[in-house]
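The sequence shown begins at 2 in the numbering used here and counts up one residue at a time.
Please keep in mind that the hints were generated in silico from the structure rather than gathered at the bench.
The structure presented is a predicted model; accordingly, all values stated were derived computationally and were not measured.
Do not take every clue at face value.
Cβ-Cβ distance ranges computed for the label pairs, FRET-style [stated by the list, open to error]:
no.	residue 1	residue 2	range
1	T76	R112	19 to 25 Å
2	S247	L446	35 to 41 Å
3	A80	R182	16 to 22 Å
4	D96	V264	51 to 57 Å
5	R132	R112	23 to 29 Å
6	S303	K77	29 to 35 Å
7	S73	S133	18 to 24 Å
8	D96	K282	45 to 51 Å
9	R305	K77	47 to 53 Å
10	H312	Q188	51 to 57 Å
11	P166	R436	32 to 38 Å
Every residue gets a Cβ at the ideal spot worked out from N, C-alpha and C, and that includes glycine.
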Amino acid sequence: MTVHPASKIRRFNLPRIPLFLLAGILLLPALAPAQEDGQPPIEILIEDTGFQRIPLAVPEFPSVIPGELSTSMATKIHAVIRADLEFSGYFDLVDPSLHRLVGPFSERDVRFRKWQSIGANAVFLGKLGTRSNQVEVEGRLYNTDLQPGKTRGELIFGKRYRGEPNLARRIGHKLANDVVRSLTGAQGIFLGKIAFASSLGPGHKEIFVMDYDGQRPVQITHNGSINLSPAWSPDGSQLAYVSFVSGRPEIQLVDAQGKRSRVFAREGDLNSAPEWAPDGKSMVYSVSRAGNSELVLIDLRSNRITRLTNHPAIETAPAFSPTGREIAFTSDRSGSPQIYVMDADGANVRRITRTGSYNESAAWSPRGNLLLYCSRVAGQFEILLMDLASGVAHQLTHGGGNKENPRFSPDGMHVTFASNSTGIYQIYSMDLNGRNVRRLTRQGLSQTPDWSP
Numbered sequence: 002m003t004v005h006p007a008s009k010i011r012r013f014n015l016p017r018i019p020l021f022l023l024a025g026i027l028l029l030p031a032l033a034p035a036q037e038d039g040q041p042p043i044e045i046l047i048e049d050t051g052f053q054r055i056p057l058a059v060p061e062f063p064s065v066i067p068g069e070l071s072t073s074m075a076t077k078i079h080a081v082i083r084a085d086l087e088f089s090g091y092f093d094l095v096d097p098s099l100h101r102l103v104g105p106f107s108e109r110d111v112r113f114r115k116w117q118s119i120g121a122n123a124v125f126l127g128k129l130g131t132r133s134n135q136v137e138v139e140g141r142l143y144n145t146d147l148q149p150g151k152t153r154g155e156l157i158f159g160k161r162y163r164g165e166p167n168l169a170r171r172i173g174h175k176l177a178n179d180v181v182r183s184l185t186g187a188q189g190i191f192l193g194k195i196a197f198a199s200s201l202g203p204g205h206k207e208i209f210v211m212d213y214d215g216q217r218p219v220q221i222t223h224n225g226s227i228n229l230s231p232a233w234s235p236d237g238s239q240l241a242y243v244s245f246v247s248g249r250p251e252i253q254l255v256d257a258q259g260k261r262s263r264v265f266a267r268e269g270d271l272n273s274a275p276e277w278a279p280d281g282k283s284m285v286y287s288v289s290r291a292g293n294s295e296l297v298l299i300d301l302r303s304n305r306i307t308r309l310t311n312h313p314a315i316e317t318a319p320a321f322s323p324t325g326r327e328i329a330f331t332s333d334r335s336g337s338p339q340i341y342v343m344d345a346d347g348a349n350v351r352r353i354t355r356t357g358s359y360n361e362s363a364a365w366s367p368r369g370n371l372l373l374y375c376s377r378v379a380g381q382f383e384i385l386l387m388d389l390a391s392g393v394a395h396q397l398t399h400g401g402g403n404k405e406n407p408r409f410s411p412d413g414m415h416v417t418f419a420s421n422s423t424g425i426y427q428i429y430s431m432d433l434n435g436r437n438v439r440r441l442t443r444q445g446l447s448q449t450p451d452w453s454p
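Could you build all of it, start to finish, from the sequences and the hints given here?
Written as structure tokens, this is what we have:
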């Protein structure tokens, strides 16, 4: 795919948007549920973030190629871009039924005042063409605000992408990323992937990777065994996961295309919950010997293993902070599973969760100021969000089955998780305020999602 800038990108003064909100093997059987401790449940609180979304119009794309196929492809690419921008949470997309009030428009006559009249502060115009037997999509983003003495709004960017027809969705995602970056300064997440484990039959679970919106799932492992808990490397080129292919849990590595795999760790009786360090030079995971599970750190160059915890309790589900200086993990050293944080060398262990009798599966936000985790509330697992500065946690989900293994999106504005709310575990996503829950998978029994960097 090639990129051809149609003009220099120019920034303009639409309202800027602040960052959202406050700015193992599925836990080992040894972590048996403790009795409810009588503490009050976490308060269910969904806050209004107060930021102003940008009113944006995204009219349908015309196709300059005659034929039904080209019209269908233009519709497909337009739908991808519109869905991406709606998902992002940055924009209020103008109702398509109002577009007709603008009347006929073109690249030469955009009709800026008309777009303004239906509430659009910006408008994204695209068109589909062809060159050298490849699809060519051009996108132009305009500010509809007319400066004194001007008859045209400002062109924020113009880009042209070209590729094979099977890259149509990718082109749409790239253009949507361009819109997000140009209007907000944030990086779009629409080329991201979500890895997860899904059952293909009794005793058979493989690792899959899909687009962030649940489209195009691809099977990565093919060993016919049980494979769980995929974890992306920081550069997105590899996945670590737990496999039972040898008869006991061991950690394996595979490239993101599933073409090369190798055994990485088979220490002790059970190896689980792999987690990469942010610099990609080491990995932390849980090792069980004689029923005692501890966390260890392995240097990926020297294979030197350093034990981080030394306690008769079960220690599992480690999660590195974005700086790599701290590790959150689950331990039942207090008598019930709770979230703890320690320094990356195993020192300075402190308990983070104080409410609830069963808390697990911590995940750090990209900025390191928030922590997602699961907590047993009224007999089922819900997802909570904690502000680490204040220690205050808010419940994001409620009712309708268990919600487990939450993970942040790379921009920190969304969460992916597994839930059995329909009777069988599937992968979902939601906004960070708990709204706009979307089901992403419809195959097998799907669990342990992880969002790519």
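A quick look at each hint next to the structure:
At roughly 22 Å, the beta carbons of T76 and R112 sit within the given window of 19 to 25 Å. Range check, S247 to L446: Cβ separation about 23 Å, and the 35 to 41 Å hint is violated. Distance hint for A80 and R182: a CB-CB separation of about 21 Å, consistent with the stated range 16 to 22 Å. The given range of 51 to 57 Å is respected by D96 and V264, whose C-beta atoms sit roughly 54 Å from each other.
Roughly 28 Å separates the CB atoms of R132 and R112, a value that falls within the hinted 23 to 29 Å. Checked against the given bound of 29 to 35 Å, the beta carbons of S303 and K77, roughly 49 Å apart, lie outside it. Checking the proposed 18 to 24 Å range against S73 and S133 shows it holds: the Cβ atoms sit about 21 Å from each other. The beta-carbon spacing between D96 and K282, approximately 50 Å, falls within the hinted interval of 45 to 51 Å.
For the hinted restraint 47 to 53 Å between R305 and K77, the CB-CB distance of approximately 50 Å keeps it satisfied. Restraint check, H312 to Q188: a C-beta distance of roughly 39 Å breaks the suggested window 51 to 57 Å. At about 35 Å, the beta-carbon gap between P166 and R436 stays in the expected band of 32 to 38 Å.
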